[in-house]
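As given, the protein sequences belong to chains L and D, one line each in that order.
Residue numbering for the first sequence follows the working numbering, beginning at 1 and increasing consecutively.
Residue numbering for the second sequence follows the working numbering, beginning at 1001 and increasing consecutively.
Source of the hints: derived by calculation from the structure; they are not laboratory data.
The beta-carbon is built from N, C-alpha and C at its ideal position, and this holds for glycine as well.
Honestly, I wouldn't trust all of these hints.
Derived Cβ-Cβ restraints for the label pairs, each shown as a range [claimed, not checked]:
id, chain 1, residue 1, chain 2, residue 2, range
1, D, 1079, L, 231, 46 to 56 Å
2, D, 1038, L, 15, 46 to 56 Å
3, L, 15, D, 1200, 56 to 66 Å
4, D, 1046, L, 72, 45 to 55 Å
5, D, 1196, L, 39, 25 to 35 Å
6, L, 102, D, 1129, 55 to 65 Å
7, D, 1079, L, 234, 27 to 37 Å
Calculated Cβ distances over 12 Å to all of chain D for the following chain L residues [what the hints assert, rightly or not]:
id, residue
8, 41
9, 49
10, 128
11, 134
12, 152
13, 153
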Amino acid sequence: MSTSSPNSSASKIPVPAIAATAAALVGLSIVLALVVAPEDADQGISQRIFYFHVPIALTAYAAFGWGAWKALLVLWKREERYDLESYVAIHQGTIFGALTLATGSIWAKASWGHWWVWDSNQLVLFLVLFLFYSAYFMLRFSIEEGPRRENVSAVYALFGVALIPVSFLAIRLAEDFIHPTTFTRDGPQMTGTMFFTFCVCWLSISLLAYALYRVELLGKRLDSNLRELREALT
Amino acid sequence: MNYLADVTALARKDLRLELRARDTLPAMLLFVLSTLVVFHFALPTGADEVAAQGLLWVALVFTALLGLARAWAPEREDGALEGLVLAPSDRSAIWLGKSAAVFLFLVAIELVALPAFALFFSPLDAGAVLGVLLANVGICAVGTLLAAMAAASRTRELILPLLFLPLAIPLVVGGVGASVSTEPGRYLAFLGLYDAVFAILCWASFEYVVSE
């Protein structure tokens, strides 16, 4: 059956175990980020959102990359299951991308006094990516289910990974004629505890994303199996 | 050699269709001129020439979108695209031929639009013109492929701008930079890089967009 589960080693770990570990780690991260990590000398309490904002952004990149990798497998191996995996990864990437925009916006308000700043290259890049991947869903759901949709979605997902570095470069170039950067986020070096907290947060957010990916994949597979069964019965 | 012959035959077919039916070019031309007139009223007194230079790029991108939305219209009718896909030639030749035709349409439009812009607003320097030429390559390469994707969907013309605009942002950055900067070199280099990356990607992936 085309929708059978993949055989890689990570996908053999049961979903409840991953979800429970992710939940525990996220709890630990919240404690570490809000209580244990020392207060930043410059920015005070608002700096603590860094422990979530940056890991969420990195996770979004990872999800887009994972989606593109699965898209490449769709075109290469021509197996149906990669299409669903690519779609679910991009879906999670878009959710984490939206969270990056939200947390970045809160951080911008706290430290610079505005909800939106064009000076932050990362935020602008995420806005472009968010628009790009929102169009992915529009495209996907306006094509009839089948091999054509798998191909078109996969090609568009591959464009995404080419767009990320190109857009990043473009936004850096645009700084020169739009306005020079007045703020930077390059603060003093992180202390050991801060770095440890950051690493735990990164791990927990990545694991959370992976758990959500597996749950959504499971749901979508169940859904399609049920539909096939229903069609077979009628 | 055969490949090039296929590409030229396909591009010539598009040009001949346009010469006989005159569907797209007059519409694009009128659109870009109307847009320039709208810009005159959209720029209040005190807005500088640089603002107009930026708006020129908005006009060019939207005009290109108008042409791209119609790019695959002849192939959609009577299943002509299926015929092309089944023809014994490399499928990327279909993309290259279409891109070449769209490129020529865009250049034809710009031969009128750029002098009109210089007349209405401010003269353009060599950097801006080179920027337009380089951006055309990227617009045609990416736009033609995305238009083929959009043609496969139910929403067709509606979805093309949504797909195209996020990908066009780097082109606008490079183009506006080349137009307003005193040192356009690195913006032109960036446009060249964009063209190379996306042309290769489109060339390699077009086959999958039109086949099942």
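Hints versus structure:
Checking the proposed 46 to 56 Å range against residue 1079 of chain D and residue 231 of chain L shows it is violated: the Cβ atoms sit about 28 Å from each other. Our hint of 46 to 56 Å for residue 1038 of chain D and residue 15 of chain L holds, since their Cβ atoms are close to 55 Å apart. A beta carbon spacing of about 39 Å between residue 15 of chain L and residue 1200 of chain D contradicts the range 56 to 66 Å that was offered as a hint. Remark: the range hint 45 to 55 Å for residue 1046 of chain D to residue 72 of chain L is upheld by a beta-carbon distance near 51 Å.
With their beta carbons about 48 Å apart, residue 1196 of chain D and residue 39 of chain L fall outside the hinted range of 25 to 35 Å. At roughly 42 Å, the beta-carbon separation of residue 102 of chain L and residue 1129 of chain D lies outside the given 55 to 65 Å, and the hint is violated. Distance hint for residue 1079 of chain D and residue 234 of chain L: a CB-CB separation of about 32 Å, consistent with the stated range 27 to 37 Å. For residue 41 of chain L, the non-interface assignment is confirmed: its Cβ lies about 36 Å from the closest Cβ of chain D, beyond the 12 Å cut-off.
Consistency note on residue 49 of chain L: stated as away from chain D, and its beta-carbon is indeed over 12 Å from all of that chain's, at 27 Å minimum. The Cβ of residue 128 of chain L does not lie farther than 12 Å from every Cβ of chain D; its closest approach is about 5 Å, which violates its non-interface assignment. The beta carbon of residue 134 of chain L is not kept farther than 12 Å from every beta carbon of chain D, the shortest such distance being approximately 8 Å. Listed as a non-interface residue, residue 152 of chain L fails to keep its Cβ farther than 12 Å from every Cβ of chain D; the least gap is roughly 5 Å.
Residue-level check failed: residue 153 of chain L sits 9 Å from the nearest beta carbon of chain D, not beyond 12 Å.
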